[in-house]
Amino acid sequence: MVSTSDSKVITTDYGPAMAIQWCPGCGNFGILSAMRRALLELQLNPSQVLMVSGIGQAGKFPHYMHSHVLNELHGRPIPAAQAAKIVNRELTVIAFSGDGDAYGEGGNHFISAMTRNVDITYVVHNNQIYGLTTGQASPTSDLGFVTKTTPQGAWEPMRPLAIAIACDCSFVARGFSLDIEQLANIFKAGIQNKGFSLIEVLQPCVAWNHRNTYDWYRERAYKLDKDYDPTARTKAFTTALEWGERIPTGIIYQKSRPVYEEHLTAIKDVPLVKQPLDPMQFEQLLNEFM
Amino acid sequence: MSAEINFMIGGEAGQGVQTVGFILAKSLAREGLDVFADQDYESRVRGGHNFFRVRASDTELLALAEQLDVLIAIDQNTVEKHRNEVKAEGVIIFDSDKLKVEGGKPNSLNVPLEKLAQETTSNKLMANSVAIGAAVAVGGYQFKLLSQVLQEQFAHLGEDLVASNVRAAQAGYDYALKNRPELVRQPIKPVKSNHKMLLSGNEAIAVGAMAAGCKFIAAYPMTPVTSIMEFIAPRAAKYGIVAIQPEDEIAAINMAVGAGYAGVRAMTATSGDGFALMTEGFGLAGGTETPVVIVLGQRPGPAVGLPTRTEQGELKFAIYGGSGDFPRVVLAPRSIEDAFYITVKAFNLADKYQMPVVILTDQHLASSLQTVNKFDLKKVKIDRGELVSEAEAKNITGYIRHKFTESGISPRVMPMPGGPLVVTDSDEHDDAGHMIEDAATRTQMMLKRMRKIDGLRKEIGSPRYHNKPNANVTMIGWGSTYGAMREGASILEREGLSVNVLQLNEMWPFPATAVTSVMSAMKRNIVIENNIAGQLAHLITAETGIKPTSNVLKFDGRPFSPTYIADVIRKELA
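Heads up: the sequence lines are chains A and B, in that order.
Heads up: the first sequence begins at 1403 in the numbering used here, then just goes up one per residue.
Heads up: the second sequence begins at 4 in the numbering used here, then just goes up one per residue.
One or more hints might be untrue.
Said to hold, decoys possible - Below, computed lysine-lysine pairings styled on BS3-like, alpha-carbon distance capped at 27 angstroms: (1) Lys1410(A) / Lys397(B); (2) Lys1670(A) / Lys90(B); (3) Lys550(B) / Lys1676(A); (4) Lys1676(A) / Lys101(B); (5) Lys1676(A) / Lys241(B); (6) Lys241(B) / Lys1670(A); (7) Lys1676(A) / Lys381(B); (8) Lys381(B) / Lys397(B); (9) Lys1596(A) / Lys1550(A); (10) Lys1676(A) / Lys90(B); (11) Lys557(B) / Lys90(B); (12) Lys461(B) / Lys550(B); (13) Lys406(B) / Lys1676(A); (14) Lys1676(A) / Lys397(B); (15) Lys406(B) / Lys381(B).
Hints were generated in silico from the structure; no laboratory data involved.
Predicted model, so just to flag it, every value in this text is computed and none were measured.
Build out the structure end to end from the sequences listed, making use of the hints.
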């Protein structure tokens, strides 16, 4: 049962709402644990949270939690998530996508949302492969990666976190699904960040990606130094481009920027969803045409 | 017999044709006359040929007219293209320093537009105001009618420019009166002074949406609907509305769905190709039972087609578009007044039946202006259907978003802190909103969604039917062609030819019973449409089993005029 907003939130409040369909050993389980931990530590009641997701294995994520859920189309969670936040700022809005959903199908929304800077958190499960459709190359597949659709090897991969920094995204981080503690801390920081937070999670696909395995990521993923300065944009850009022998994790970039919804006069005082509807207030508007 | 006067202003894009046309239309509307104005423009910012027609009458007007009394030619092209449309006793206003107009009939009124502008305001750019002044003089109207409108329209430019425009217009007015008094007409006066609104189809939709409580619009600019967003955006802060121009139409529809899911009345507006991008989100709204209103302003396709022109080529697209089957409503306003009230209805149906509603308009309706009786806000009733209030929602336990009900409609709750969890999915889902795969639940959920159509059918209004006792033929049309159909029928009536008019405006669910009863009573049924395929004719046959006698199809990107319709029907019946 779901807690009311004034009682203490406990672990079991976060579901799962239905039986989990991911493969045993899927990297998504670590993300689920980390997200539960983050919400618990933030004491966010399920009804305070709206989870919006796309299609792919990541798209199922909200069903394995407890929250308000809008499971969107492939590539489209971000437009809906931004709109929901704009019309009701009392909700904590978190969106979920895979690498194909976020960077491929939803690429235009991804770039525009980071520039627009609505106060939502975007978790991208990056396993460098299409899992739900059973093993095709994704925008982040490594160069030369042979898949069903790339028999001669995948072409150049995208570096989405560098794109994020180019967009001056207000929070850019990467976690690894095996490091639940670090990931939970990143989630907390991202949710608390005022603005659009992009969190990419390295998340091995045990069924279809036999190249970028747990061991592969474990050997390469490293935590950024304690003295790493995430506000230094040029350095952050270089860090975001780093991929191969070493893959940085942690908060790569953070920038305090004006939040989109704060410039909207209509929602300055009362959320749009709570504003009364009164046709009679438009009499003056009609007079504009007289 | 009613009296009317028809003006046209023509010139290149960027020469102020639209501004002059609007000021003229507004001045005549202020006089208390009924006005219908239509625009013809090219897809370019400078050059080419644009025109703006203004028709004014002492009785109600429903459509455009092609025969002109006064032609204001800003460029030579206007003279060449439209000279033949000017009646023999009509007048062409032009500047002989720039243009050449042969003498004889129609009359030519040479006004040194730029010279007078320069003399009175030291600004040649005021030439258009000089021309409007001359046109108002020829119409026989008082100058103060025009000066008031000029003051209002240019107020935002500051006092100096307002004064200059008025001086320039006065110079043109005086020049015409002094030099060519024989061309000045007896002014047409309103039978009863009836102060009306003058607005476009797009403005009627925008105002309708605002009055209906639309709180969120996301729209990507696209002719012919851009002005809906442009009207709402500057007024959004004042009325508590969020207007967003997103990265593309896909974002626009998904934003509208996100806002609708979160609980506000939300809309988007686009044209055919934008709607093509939206069909995925259209289905999302259908499947997740999220209320959303989509304005689809048709223009000729396929692809980019004729971007600034008109067509009715997307009736089937609106009714059948999208993956799979899902219920939707398609409303096609027949006039500017109807556009306002039907928009209010669109928002109510979207909320009550929790589904997407398409307002299917076209470039002709979107950008034409008409005088209408002031909209009655008391008639705007907001009905949010089974939306549970926030206070009530907090007391609900075990909330099921897509609960199976007899009507197919499930109580809807806004996702709120402290409220029950609201779960929905683009995947097929169970009543709780969680994704499913099993055949039984799928079947049950499809039936639940489609069952909503049963209630919806009762909400769909009957088409307008204007029948004459002696008629044995019915013209059938839909949407924006109403005015031309009615006036076309009146022309034929005056010739002793009785023709009925059946005009559909609430297209889907299809009003099959009403259409069947009209059509089966008539020997000849002629379907008239602004498309090549006869989309309404097909739809009628599919939904009623009746095959229309013949089709009148026009797909040149231009709207029907009453005379065009009268001509083709006369030939059909000959």
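- Message: Need the list of violated hint numbers for this structure, in ascending order.
- Response: 2, 3, 4, 8, 9, 10 and 15
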